[in-house]
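*Asks:* Protein chains in written order, with full-length UniProt numbering: chain A, 1 to 407; chain B, 1 to 407.
Source of the hints: derived by calculation from the structure; they are not laboratory data.
Backbone N, C-alpha and C fix where the C-beta goes; we use that ideal spot for every residue, glycine too.
Among the clues, some could well be false.
With a Cα cut of at most 25 Å, we get these calculated DSS-like pairs of lysine-lysine [said to hold, decoys possible]:
no.: 1; chain 1: B; residue 1: K284; chain 2: A; residue 2: K146
no.: 2; chain 1: A; residue 1: K284; chain 2: A; residue 2: K146
no.: 3; chain 1: A; residue 1: K174; chain 2: B; residue 2: K146
no.: 4; chain 1: A; residue 1: K359; chain 2: A; residue 2: K146
no.: 5; chain 1: B; residue 1: K359; chain 2: B; residue 2: K146
no.: 6; chain 1: B; residue 1: K146; chain 2: B; residue 2: K284
Far from chain B by the CB rule (all over 12 Å, computed), these chain A residues [stated by the list, open to error]:
no.: 7; residue: D89
no.: 8; residue: R135
no.: 9; residue: V167
no.: 10; residue: K174
no.: 11; residue: P239
no.: 12; residue: E286
no.: 13; residue: V302
There are 2 protein chains.
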Amino acid sequence: MPQSWLDIAPDSPFGLHNLPYGVFSEPGGPGPRAGVAVGTHVLDLGAAARAAGSPFADAVSGPSLDGLLAAGRPVWEQVRATVLRWLTDPAREADVRPHLIGRDRVRMHMPFTVGDYVDFYSSEHHATNVGRIFRPDSEPLTPNWKHLPIGYHGRAGTVVPSGAPVVRPCGQRKGPDDPAPVFGPSRRLDIEAEVGFVVGAPSRRGARVPVGGFADHVFGVFLVNDWSARDLQAWEYVPLGPFLGKSFATSVSPWVVPLQALEAARVEPPERDPEPLEYLRDAKDEPWGLDLALEVRINGHVVSRPPFAEMYWTAAQQLAHMTVNGASVRTGDMFASGTVSGPVRGQRGCLLELTWGGKEPLKLPDGSERAFLEDGDTVAISATAPGPDGTVIGFGEVTGSVLPAEE
Amino acid sequence: MPQSWLDIAPDSPFGLHNLPYGVFSEPGGPGPRAGVAVGTHVLDLGAAARAAGSPFADAVSGPSLDGLLAAGRPVWEQVRATVLRWLTDPAREADVRPHLIGRDRVRMHMPFTVGDYVDFYSSEHHATNVGRIFRPDSEPLTPNWKHLPIGYHGRAGTVVPSGAPVVRPCGQRKGPDDPAPVFGPSRRLDIEAEVGFVVGAPSRRGARVPVGGFADHVFGVFLVNDWSARDLQAWEYVPLGPFLGKSFATSVSPWVVPLQALEAARVEPPERDPEPLEYLRDAKDEPWGLDLALEVRINGHVVSRPPFAEMYWTAAQQLAHMTVNGASVRTGDMFASGTVSGPVRGQRGCLLELTWGGKEPLKLPDGSERAFLEDGDTVAISATAPGPDGTVIGFGEVTGSVLPAEE
Numbered sequence: 001m002p003q004s005w006l007d008i009a010p011d012s013p014f015g016l017h018n019l020p021y022g023v024f025s026e027p028g029g030p031g032p033r034a035g036v037a038v039g040t041h042v043l044d045l046g047a048a049a050r051a052a053g054s055p056f057a058d059a060v061s062g063p064s065l066d067g068l069l070a071a072g073r074p075v076w077e078q079v080r081a082t083v084l085r086w087l088t089d090p091a092r093e094a095d096v097r098p099h100l101i102g103r104d105r106v107r108m109h110m111p112f113t114v115g116d117y118v119d120f121y122s123s124e125h126h127a128t129n130v131g132r133i134f135r136p137d138s139e140p141l142t143p144n145w146k147h148l149p150i151g152y153h154g155r156a157g158t159v160v161p162s163g164a165p166v167v168r169p170c171g172q173r174k175g176p177d178d179p180a181p182v183f184g185p186s187r188r189l190d191i192e193a194e195v196g197f198v199v200g201a202p203s204r205r206g207a208r209v210p211v212g213g214f215a216d217h218v219f220g221v222f223l224v225n226d227w228s229a230r231d232l233q234a235w236e237y238v239p240l241g242p243f244l245g246k247s248f249a250t251s252v253s254p255w256v257v258p259l260q261a262l263e264a265a266r267v268e269p270p271e272r273d274p275e276p277l278e279y280l281r282d283a284k285d286e287p288w289g290l291d292l293a294l295e296v297r298i299n300g301h302v303v304s305r306p307p308f309a310e311m312y313w314t315a316a317q318q319l320a321h322m323t324v325n326g327a328s329v330r331t332g333d334m335f336a337s338g339t340v341s342g343p344v345r346g347q348r349g350c351l352l353e354l355t356w357g358g359k360e361p362l363k364l365p366d367g368s369e370r371a372f373l374e375d376g377d378t379v380a381i382s383a384t385a386p387g388p389d390g391t392v393i394g395f396g397e398v399t400g401s402v403l404p405a406e407e
Numbered sequence: 001m002p003q004s005w006l007d008i009a010p011d012s013p014f015g016l017h018n019l020p021y022g023v024f025s026e027p028g029g030p031g032p033r034a035g036v037a038v039g040t041h042v043l044d045l046g047a048a049a050r051a052a053g054s055p056f057a058d059a060v061s062g063p064s065l066d067g068l069l070a071a072g073r074p075v076w077e078q079v080r081a082t083v084l085r086w087l088t089d090p091a092r093e094a095d096v097r098p099h100l101i102g103r104d105r106v107r108m109h110m111p112f113t114v115g116d117y118v119d120f121y122s123s124e125h126h127a128t129n130v131g132r133i134f135r136p137d138s139e140p141l142t143p144n145w146k147h148l149p150i151g152y153h154g155r156a157g158t159v160v161p162s163g164a165p166v167v168r169p170c171g172q173r174k175g176p177d178d179p180a181p182v183f184g185p186s187r188r189l190d191i192e193a194e195v196g197f198v199v200g201a202p203s204r205r206g207a208r209v210p211v212g213g214f215a216d217h218v219f220g221v222f223l224v225n226d227w228s229a230r231d232l233q234a235w236e237y238v239p240l241g242p243f244l245g246k247s248f249a250t251s252v253s254p255w256v257v258p259l260q261a262l263e264a265a266r267v268e269p270p271e272r273d274p275e276p277l278e279y280l281r282d283a284k285d286e287p288w289g290l291d292l293a294l295e296v297r298i299n300g301h302v303v304s305r306p307p308f309a310e311m312y313w314t315a316a317q318q319l320a321h322m323t324v325n326g327a328s329v330r331t332g333d334m335f336a337s338g339t340v341s342g343p344v345r346g347q348r349g350c351l352l353e354l355t356w357g358g359k360e361p362l363k364l365p366d367g368s369e370r371a372f373l374e375d376g377d378t379v380a381i382s383a384t385a386p387g388p389d390g391t392v393i394g395f396g397e398v399t400g401s402v403l404p405a406e407e
């Protein structure tokens with residue numbers, strides 16, 4: 001990797017090997033627009049591209065990443081290569097430097113317009129734990145689990161950017177011994193630490209995206225907190241799946257890491273047994289397991305370190321499954337992995353698992369206990385991945401604080 | 001109701017009492033734009049409004065109904081009153097007539113940009129039948145069914161206008177005696193005759209839309225065919241609900257009937273027992289049951305006449321439930337009733353019920369039998385409702401033909 005004329009710490013998670021995309025604004029500046037994180041700065045992508053007369057200037061000049069997403073893989077590669085050249089060629093410094101803004105000065109926004117949002121359920125550890133907690137009298141994994149990546153559609157209209165507060169939802173709940181459901185604020189508000197993927201290039205209705213077509217359609221990767229009200233969910237989800245227990249808010253991290261930045265993070269997923277049907281088989285030499293190390297903090301205290309490399313189904317398989325029936329994907333469609341949980345307790349990605357249905361509350365260093373979230377709690381999920389040559393790829397974080405219910 | 005200077009048959013389902021909105025284009029004309037159906041014509045709404053200098057001209061001049069939907073209830077009422085005046089004031093005939101186009105000349109398009117799509121499950125007859133067929137060893141209705149309108153999110157990106165062909169989906173299926181799932185074209189392709197509602201005025205995240213706020217947010221009503229692959233659905237839907245069994249296509253009728261046109265169709269819904277929680281209680285004097293008579297035809301033969309007035313949960317209750325957790329609604333969000341089925345066999349809204357899981361095939365007048373849909377079959381769903389003074393409100397129809405699987 002060449003050196004930048006910009007001062008970037010060697011261990012920066014936003015070095016030249018990363019260059020994630022987001023949408024930012026700063027006080028007194030123009031409105032929200034596309035930027036690239038580099039070191040402690042954000043590069044105003046549209047302004048730099050227009051000044052340079054770049055052929056992709058129009059695609060990156062909107063108030064979101066939508067234009068870049070829709071432009072397709074050749075343009076994604078061209079933009080990335082161009083930004084890298086801008087930041088490493090000393091002759092470009094004078095032109096580019098005016099378009100760098102300190103990241104401590106900017107506010108981040110939703111990076112793209114969400115089309116459909118699909119949430120998967122692809123951690124074997126998570127699905128097993130949830131099965132044991134929700135359905136103690138049955139096999140923890142349903143018979144279909146190892147044959148297909150189970151997923152469902154979530155609410156796209158309540159996907160919010162990191163930092164947006166989350167109002168505690170109200171709804172119906174009914175304990176096993178309650179004669180009838182009662183209404184009120186959720187008492188079992190939870191998080192789900194997930195990894196999200198956004199589609200750039202659309203597909204045609206009726207056609208499929210094979211496992212090998214993943215990188216032609218998916219632009220990049222980010223973090224997701226799929227807030228969940230476990231008491232609402234438990235009462236409502238049979239037979240048509242989660243609805244109000246999930247639909248009040250889903251938070252996403254502001255920086256979208258392009259797939260190209262994750263070459264060094266690609267790993268073999270766990271062995272699949274039984275072997276899945278042919279349309280779900282991934283090529284051994286082109287694995288889409290990703291070695292992301294997640295960290296979940298509540299009020300600043302680390303409560304879990306979920307390992308994304310443990311996921312049973314990869315995002316490439318999820319996309320192949322999602323489209324095998326001819327369902328098309330559009331620019332801005334996002335899908336999330338499902339809660340990321342590893343095999344040991346300190347790697348579980350939600351409180352439902354960490355506290356085993358609330359029965360074993362977490363002790364926080366401040367002396368308080370948490371079975372589920374309390375009003376005022378702040379949750380932050382961050383992640384890193386290995387970059388080339390011993391570098392680190394940062395995903396930043398997705399945060400949100402819980403506001404009291406509006407009754 | 002005053003008379004029009006336009007020749008409209010007294011029994012026309014598109015008389016002055018209806019005036020539904022859609023998006024049309026005609027050969028050689030400008031692109032898709034908003035229109036109002038009247039008699040055998042469509043009124044070019046934007047052109048007429050611009051010619052008249054109407055204050056709402058901008059809102060109705062886009063390539064879809066999105067601007068009108070977003071404008072809110074006072075504008076909806078103003079536009080409807082204005083169009084009625086245009087069509088009844090003889091002094092306006094010379095100005096308005098040039099903007100009328102024969103409906104036989106136009107092509108209809110998607111009427112609005114779909115935000116989120118939620119599908120409910122609110123016919124007691126349908127849910128009972130499906131429970132008996134899918135879960136013969138359990139109570140047909142799950143314990144939550146009479147306490148809340150069960151729903152789930154569908155795929156917004158594959159909502160298509162009437163007439164769009166539907167490719168038979170492929171996917172996994174597994175019969176109870178199969179040792180493992182197999183892959184291939186669905187063998188149990190089905191329809192679901194439903195009624196859809198589109199949100200105009202958005203709500204704030206964190207706030208609720210009460211049952212009484214229905215008409216402030218919902219713009220109008222249309223017909224939905226929620227195509228379903230029963231074999232894919234049966235294998236995948238536990239525990240997170242339907243996914244690929246539904247996501248390949250959902251067809252909508254081109255004309256959106258405004259709520260204002262349905263005053264005479266409002267009826268008391270069936271009695272709810274047990275009484276639902278307070279947030280779901282509807283005012284006795286403001287019922288949102290709707291007396292729509294649906295008709296389902298396969299290849300031109302009527303196979304069912306589902307009565308919408310039988311629905312257990314109303315659309316007003318569905319909206320109140322959908323937002324009670326603070327989930328916001330956006331302009332263009334659509335929700336559908338779930339399959340409309342009445343108490344007797346000839347009123348069932350899907351083949352799964354009509355043929356009792358395929359065991360009792362329908363005999364069509366041409367001598368053929370249908371357990372489920374065959375390639376080449378055309379399905380049409382139409383509906384009417386009572387209008388004022390003995391008139392009839394027409395919903396037109398939603399049609400689609402089945403194309404062979406793309407393998």
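*Asks:* Does each hint hold? Answer for all of them.
*Replies:* Hints, one by one, checked against the model:
no.	hint	result
1	B/K284 / A/K146	violated (50 Å)
2	A/K284 / A/K146	holds (19 Å)
3	A/K174 / B/K146	holds (13 Å)
4	A/K359 / A/K146	violated (29 Å)
5	B/K359 / B/K146	violated (29 Å)
6	B/K146 / B/K284	holds (19 Å)
7	D89	holds (41 Å)
8	R135	violated (8 Å)
9	V167	violated (4 Å)
10	K174	violated (8 Å)
11	P239	violated (6 Å)
12	E286	holds (22 Å)
13	V302	holds (29 Å)
Checked against the numbered hints above, the structure breaks hints 1, 4, 5, 8, 9, 10 and 11 and satisfies the rest.
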